[in-house]
Structures are given as structure tokens and as C-alpha cells.
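Undergrad: The residues making up each chain are set out below.
There are 2 protein chains.
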Amino acid sequence: MMAGMTETPHPLYDRHAETLDRALTAITERGYWSAYPESPSPRVYGETAAADGKAAFEAYLGGDFPLDQAGDGTTVTTEASPFGVPLDVRYPHAGADQLVDAATAALPAWRDAGPKARAGVCLEILDRLHRNIFELANAVQFTSGQAFVMAFQAGGAHALDRALEAVAYAYAEMSRHPGTAGWEKAAGKGDPLRMTKTFHVVPRGVALVIGCNTFPTWNSYPGLFASLVTGNPVVVKPHPRAVLPLAITVRYARQVLAEAGFDPNLVQLAPEAAGEKLASTLALHPAVRIVDFTGSTEYGDWLESNARQAAVYTEKAGLNTVVIDSTDDFAGLCRNLGFTLTLYSGQMCTTSQNLLIPRDGIETDQGHKTFDEVAAGIAGAVAKLTADPARGVELTGAIVNDGVLERLDEVTKVGEPVLESRTVEHPSFPGAVVRTPTVVKLDAGDTATYAREWFGPISFAIATDSTAHSLRVLRETVGEKGALTAAVYSTDEAVLDAAEAAAVDAGVHLSCNLTGGVFVNQSAAFSDFHGSGANPAANSALTDGAYVANRFRIVQSRRHA
Amino acid sequence: MMAGMTETPHPLYDRHAETLDRALTAITERGYWSAYPESPSPRVYGETAAADGKAAFEAYLGGDFPLDQAGDGTTVTTEASPFGVPLDVRYPHAGADQLVDAATAALPAWRDAGPKARAGVCLEILDRLHRNIFELANAVQFTSGQAFVMAFQAGGAHALDRALEAVAYAYAEMSRHPGTAGWEKAAGKGDPLRMTKTFHVVPRGVALVIGCNTFPTWNSYPGLFASLVTGNPVVVKPHPRAVLPLAITVRYARQVLAEAGFDPNLVQLAPEAAGEKLASTLALHPAVRIVDFTGSTEYGDWLESNARQAAVYTEKAGLNTVVIDSTDDFAGLCRNLGFTLTLYSGQMCTTSQNLLIPRDGIETDQGHKTFDEVAAGIAGAVAKLTADPARGVELTGAIVNDGVLERLDEVTKVGEPVLESRTVEHPSFPGAVVRTPTVVKLDAGDTATYAREWFGPISFAIATDSTAHSLRVLRETVGEKGALTAAVYSTDEAVLDAAEAAAVDAGVHLSCNLTGGVFVNQSAAFSDFHGSGANPAANSALTDGAYVANRFRIVQSRRHA
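So the sequences go chain by chain: A and B.
The first sequence runs 1 to 561 under the UniProt record's numbering.
The second sequence runs 1 to 561 under the UniProt record's numbering.
FYI, nobody ran anything at the bench for these hints, they're computed from the structure.
Don't take each hint at face value.
In this list, chains with the same sequence are indistinguishable; a pair is considered to hold if it fits within one copy or across any two.
Stated by the list, open to error - Straight-line Cα separation of at most 30 Å, BS3-like style, residue types lysine-lysine; simulated pairs: (1) Lys277 x Lys54; (2) Lys189 x Lys384; (3) Lys481 x Lys54; (4) Lys384 x Lys413; (5) Lys413 x Lys481; (6) Lys441 x Lys481; (7) Lys277 x Lys185; (8) Lys384 x Lys441; (9) Lys277 x Lys384; (10) Lys185 x Lys384; (11) Lys277 x Lys441; (12) Lys413 x Lys189; (13) Lys413 x Lys54; (14) Lys384 x Lys481.
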């Protein structure tokens, strides 16, 4: 029998079997579950964890990043913190061929180790990252511009949950068949035909993960771990402005791999020099057979069209839409949407952009509200959350890059502001670029303006003829341009049903009447799907069966028993 | 709640639940199971079944095919039987837009019916087809050129098994999450956050199935039923020379759909006129979101490159390879391979083409055999099976089209024949085009000849330097050009292991030491995977999780509980 045909137990699998089992249950139930506590409280993580993590982060600054990975001898330094903090980390650079060759060499032993060993190693990597979650959170904060608590949660605990979710889906998929099966078929009067069949889980090849600026870990981990656990070596190409969180990730992954006796080149960092186009070179490399990407529609479409040798999973731009019909909690509606628009200055792929409101206003628990009153209510909630700079910046964080600033400038020319964006001085980081959200009034006829994504703290209060008209706009714009989220507010069951029908037709996830502590821009791992793959905003969901099933193939052999 | 959110039981689901459950077990165990008896014996199917089926088939000939499907008023007649039997069936023709529009209109109610109802209807369709299996078998025989028993088995029972297997995988995939889930998360000292989440199974859109000439049902059913059961209306575009088997399939599918209260346009026939290129027009239609294709590498590659709006599943050409190292049953080896090369005149996508034999010969239970003796032994088995025309044609059937004849002519120029192809007069069908297989000697250096597919009764006995060399040739040629099957004969466990390692590297399914009643060109539904998707011969397997998971998406909605 060739190596790997009979899977031997692996100590790391045994160590994490209970967590994996719980995750496997969670993905079938899709109720609430989380493996990694989201509270950065010392009661959860210990008194020294926060300071230790901050110190570990700071130790990287201005130095050569400690990565035991072969390179071409040069380093790259491309980050610029939205908080204005000098980072100046030097990352070892390698060329595409060098990376792909090293990954290719690492593949066979990893493939032959089998699903259990790979799952054990992946869960150990997640555990190692979790032990260093404060270090990771600092790195996410200072590269993405997220405020600390958000960086800890979205960039740390939730990212780890999404990674574990991907591992669970992939493990379930790899283990839905036995490793070997007996086959016995009656054959007339003679002896039955008897065969033994072996089913090998075979990875596609080298996997490439292309990270984004805003969520370097959360958006990269599902693809990274889905590919890795299914046997594919992974090359991690971070966004040039958000390298550190993934460099730390790769560092700990390589540590665990080496400790477990595997080639650390199963996970490699591929930082790119300015103008190098390393992502594109890697994506077109014949040995690269999987690409995961989060970012612009333009580049995602380019990857889908050109990286033909690979399975390409993309999350791109969209038009997140809210249909406001009526509410029995107007204050809650305004608070809830206000928070959504304010969080991370709206720089989430899930932040609502288009708020569709009947021009004749809506009925609420506070009586009839005109269109302007609804828009002002939501804008007022934003204004309140951002009024005090010290408290405001803990929600807004900082502006991730100049593209957002340019759009904030451009949007002043397209419509009447309900709320203007303000420049805020960050109390702790004088170099931070902070802007509060703007809300701009538009008419449903202004499709040229609102039927494109304005990524950043920009949303539109759009006057429609009626809720039916709003639903038509949702159906058409989301159907054509895509969206990751949609929401509806209504006291009328028929409207909620119509909104759900429109969301199903447009292929977008819908949240109904959120007025409390759940927000349309947040999705919970193990319960909410992120993206549907059913509209142009993404060609896949993070995470479901389709996201993992094509990252490996089954190759069988059969012999007479 | 919108229609379809809460799935009501469906009588057809109840009727077939036991079969579906058994199929769901079979795909996890992958041992022997079959739902549809493969023996055409009157003891199984009743005394009159064969005659009734033949009569039903003959009733179609020379007439308008009875299909209750809107068309453009024209008919097409494109078939020419390999058995020389006049068919002259006129099929109602429709244009691409008409087909796609009708399919699109049928989608919402089918989607909203939910997985259970769709599975029930699909299993009822399979049951209806099974009741008419002799009619189907005759249609497959006289369009594909398969002999009757093979047409009954591969074109009837096994095709139905593969269809059921696809339904089972798809049903498992659709039902891995609950339709609704409760979610409750602690929220500090306040009430917990409580949501109810609904997960809708949403089809991709219109599905297109492009059939092939040789296996009109077997190769089309998995895609047809995988798409249909996941909610996608299916347009069935048969090969112009093998329309009838799929016309019969569509006819019964539409009957069942209409009886169950669904729009029969969920399954439509799209026969194409000569030179019309309807397949390409349909494949590029923006509303067509899934394409399943079996056929040439050239057209499969074209579809993959151009039908960018769709998920494209292709099975193309390959270089099925046998590595002959040694054997303890030389007679069995020759009989087994002789049967494989003879069955349906080698016109199977799984028939071995390249027989790699060390030029110094091999060790066997009959002592050392030279290269020529091995080649002659296999060729002799073919000659024996085809010596008597009456018995031979029941194995070989007839030649499917002129392309095969052209290759038979061409191959006489490329190497020395071990066995020449003969023209045989069919005892029952004087117009049948029958050719026996040829085996041609080549050297491992003749890659220009054997590193392309010679579809038809053509195989090569290729002299290599050693078994290690043979394995290198397998790895290289299959890695580059693909294959659906590989086989090895060896008494040495180390060679078997090395062959398995090479097969895993090349991504091809391997059969070891087949000397009895199991043949490398045959795969058993529910146990053997057909194609791996891991080499260029196919981008997917029939059938596995990856084959079904991306035919639908999950769209969720969530509300406070």
C-alpha cells in the first residue's frame, strides 16, 4: 500500500478532534456557535495578553520581518498606516517561480498525510494564531484602519471562526466517502466479483490567496484554510498596504507545519514590490490551480477571465441595499442603520449604500415620517455616534486609503447632503486620517450615481415612488451589479414576503427589521453565509459546500479483493 | 412566509423516499448497489417487455415525434443509424430564445417547491423511464451503434443508476443545512439576541445539457438530473445523430412534470438543424448558467473558454493507458483486455488506447513472454471474440460515424499492425457498418502518434524501456492530455504502489490486475467515480460533491425571533 492510503491517527487531530466535531455539528445546524471568544477582556484572555500582544506587534516595526522563507535576497516595504503610525516593516521578497516551485515540492507529503492529519495541523495553526490574537489584532488595526475592538473581533476572533468553518466544510467534504470500500457483485453462478476500492483525496495544486486592504485576515482565512486542509500548498499574496497581519499568520502557520514535520513552504508569504504585479503573475502561473480573491470588481473579473487554469473564487463590489417601508421602532431603525453606516467608516463590503425610501414617507410608531425625516433620522444617528471624537474614532477607525478620500470629495457633487462628512482629529494618533460618514439625498432616477459602488463612508437616501418601486430597484440593481447584503424594514408581513421574494430572485441575503444588536453588515460564522455566489458581487459564498468541494478531487484505485 | 419557505411533504417524495434513502447511503458507503436491474431477462422485466419496448421504438420511426413542446413550426431530421436502419424521426424545432424564455418562466415555481418535491419528481421521472427501458434501449442501440444488451445496460439501467446517484448527491448537498435555524447569542446583561434564519436553495438559472453520439443517455443523465433536482430548468440539446433517446427522455420527463402540476418546460428538447450551431448559441445565452457537455476536447475547451456566464462541466478526450509489468494470469490478462478493446468497438471514452509493455517482455505464469507475444496475446483475444460475426457483433455493435472509419484508415499508416481491422457483415442488419478492432505496434518514442486520442477500435502496443519508463510515459502523457481510465498489471506490490502513485499524480483512476469479470472501461454507479476532474480529460467527475454543489446557491433571510 502506498504511503497515505491508510490514514494513521495524528496527534494534532486527536488534540483538536472535539473542536472539529463541534464545528462539524455547527455547520449542519447553523445556529449560534463560536470557537474563539470575541471579547478582548482580560477576564477572558488574561491580564497581560493585551500588553504582550501590543509589544509583539511593536517589535516588528521598523525591522526585518522574521520569516524562515527563502527569498531572492530583496525586501519590500509598502505599508502606510491609516493611523499615521510608521510601520516600516521589511518583508523578504521572492519571485513567482521560486514560490510556486517551493509550494509544488511541498505538495506530495502533505497530500499523502490525509485529511485527518491536515485538519489537525490546520486547527493547531488556528490555535497558535488565537494564542497570538492581540498581536494579530494590532497588526490588523494599524494596517486596515479598523479601531482596536473591531480589529480584535473581525480581524481576530471572527476571522478564526470563519477559518474553522472552512476547515469544517472541507473536512466534511473530504470524509463523506470512506478511504476504502469493499464492492461485491453477484456474478451468475460463479463466485461474486469482489473489489477493494481506495479513494484518494488529491489537491488541485498550488493555491493563491490574494488579500485585501480592509480585512486582511477575515477575507483571506477561509480560502487559505479551505485550500490548505484539502492538500493544496498556499501562497499568500497580501495587499501591499496590509502585509503584516498575513505575515504574522504565515509565520505562525510555518512554525506549526515545521513542528509537525511538514514542509513549512506549504504556506508562503508573497509580498509584492510596488508595481510588480506579482498577484497577476502568480494567478496566471500554470501550476496555480486555485485563486481566492477579495477586492475590486475590475480585478476580480480579470482573474475570472484570465486565470483559466485555476478555480477562481472572488468577492467583489456590490450595491448593498435597504428597503424602508415602515417600522414599529423608528428610533431603533435609525440607531441600527446609523451604527451600520458608522462602523469602520462604512469601509465594509457589507455596509449598506442605497437606502430606498418612499418619497411620500413611511408610517412608524412615531406617526408618519416624511422622506426627509427618515433620512434625517438615520443621519442623526450617525451624527450622534460620531459627535464626540474620542468615542467616534473607536467606531469609525481611520480611512484605509486615498481612494476613499477621493470618493468623499466626488460625492459632494452628486446630490444634496443630509449629513456632511467631517474631518476628525484622532485623540491618540495625530497622523490618523479620520472622516465621518456622509449621507446624500438622491432620486430613484439617479441610477448613474447609485448603481455603482461608492466604497467608504458614503450612503444615499434615495426617494422612490413606493415600496413596490423600491423592491423593483433592489431587484434590478442588485441583479445587475450584485450585493452582499440587503435589508428591509416593514410592519407588513406581505412587504416582508415580497422583499424576501425579491432577495431570492436577486440572490442576496436579506435581514428584516434589524433594530437591536444585530446589524446588516455583520454576519456570524457557522450561521450566516457571507455572500451568496448568486449575484455579481461574489461568485461564491464564504463558506459552503461549493466553496470547498472543488478544491480537491477524488482519485480512486481498485483491486480484486 | 413566502411560498416554499416551509417545505410541505410531497406525495412523489413519499413514494420514492426509500429509494432515495438507499441511494444516499450508497453514496456514502460506495460499495455495490444498483436501483435498476441490468439484466434484460423476461424473468426480471416480464415476458412482453422486450417486444413492447421494440414496438414503442418502431412506432416513432418515420413520424413526427410526439412532444408537447412549443416550437417554431419546423422540424429537424438528422439521425442516421449505424445499423443502417432508417429512422427518419421528425423532431419539433425551437430557437434558443424561445427555449430559454420558456425555461426561465418555469423556474420560480420549481425553485419554490423545494428539494423534497423536486427529488420526488425526479425519482418519478426515473421510474417512468425505467418502465420504458426497452424503448429507451432500442433508441440508444439504433442511434449509437451499441449492441442491444449494452444499450440496455449502459443506455438504460446504468444511465438510470448514474442519474439517481446525481440526484442523491444533490439532495444531500441541498439538505446539509436546515431550511430554518434558530440563533441565540448572549448579549451582556440584557436579553439574548434571537434570530430566525431561513436558508433558500436557489438554482443558478437555465441549465443546458449537450449530449454525445455514443452515450446519449448515460453521459447526459447525471448533468440533467443534477441540474433539475437543484431547481434549474434544463434544455437538452442532443447530438444530431442521437436525438431519439433524449427525445424519449424529455417526453417522459414532461409527462411526469405535468402530472405533478409543474410546468413541463422545466425539461425541453433542443434538436438542432444541420449547421445551426444551436448548442453554441444556447451555451452563450446570458440566462444559461450551467452547461454539461460530453464530447471533443476542442469543443469542450471552447465551452470552458467562452460560456463564461455559466458553470461548465465537461468530459473530453483522453489517453487511457495500461501499464503491463507482469502477471500471474496471462490468459486472464489477454481475455480481459481483449474484451475491453472489443466492447462497442472501443468507442467508449473509457476504452484503453495505449498499452505500455517493456520491449524486453514480461514475466507471467506461462513463463517469460516477449513484447510481441504479449501484444499477440491481447490481439488474439480480440480476434477470438470477433471471429464469429454473429457473436462478434453482439459485442462490437456498429461504428458510430465516419470519423471512426477515417481514423481506422489513417492508423494503417502509422505503425505495424498486430491485428488488422476487418469489415464484418452484420447478420441481422445488412446496412450496419461493423469493423473489428485493430492493434498497432509502436515505440515509446512515437509520442506524436499515441499522445493523441484515436477514438474508436484502435489501440497501440507500445514498447518501453522498462516498467519504470512505462510509468513515466503514463505520468507525462496523462498529465498533459488526460485520461478517464488507467490500468496496471503486475505481480509486484512495489510496482502496483508505484503505479498508484503515478495515477494519483496524474489524477487518473486506476484498475489493478483485472483478469476476470470487471473491466477497466466499465465503472459502477454508486461505487466507482467516472472521471476525476484532476486531469485534462474532464473538469469534473460524474458524480461527486463538486459536481452538484455549485448548481445552486443558498440565499438566506433573517428576522428577529
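Undergrad: So, for every hint listed, does it hold in this structure?
TA: Against the structure, the hints come out as follows:
1. Lys277 x Lys54: neither (32 Å within a copy, 64 Å between copies)
2. Lys189 x Lys384: Intra 85 Å, inter 24 Å, cutoff 30 Å: inter-copy only.
3. Lys481 x Lys54: neither (41 Å within a copy, 53 Å between copies)
4. Lys384 x Lys413: within (25 Å within a copy, 86 Å between copies)
5. Lys413 x Lys481: within (23 Å within a copy, 57 Å between copies)
6. Lys441 x Lys481: Answer is within: at 21 Å inside a copy they meet the 30 Å cutoff, but 58 Å across does not.
7. Lys277 x Lys185: neither (56 Å within a copy, 43 Å between copies)
8. Lys384 x Lys441: within (19 Å within a copy, 85 Å between copies)
9. Lys277 x Lys384: Answer is neither: 43 Å inside a copy and 63 Å across each miss the 30 Å cutoff.
10. Lys185 x Lys384: Classified as between: cross-chain Cα gap 27 Å, same-chain 74 Å, threshold 30 Å.
11. Lys277 x Lys441: neither (39 Å within a copy, 50 Å between copies)
12. Lys413 x Lys189: neither (86 Å within a copy, 45 Å between copies)
13. Lys413 x Lys54: Neither: 42 Å inside a chain and 76 Å across chains, both beyond 30 Å.
14. Lys384 x Lys481: neither (32 Å within a copy, 64 Å between copies)
Comparing the model with each numbered hint stated earlier shows that hints 1, 3, 7, 9, 11, 12, 13 and 14 do not hold.
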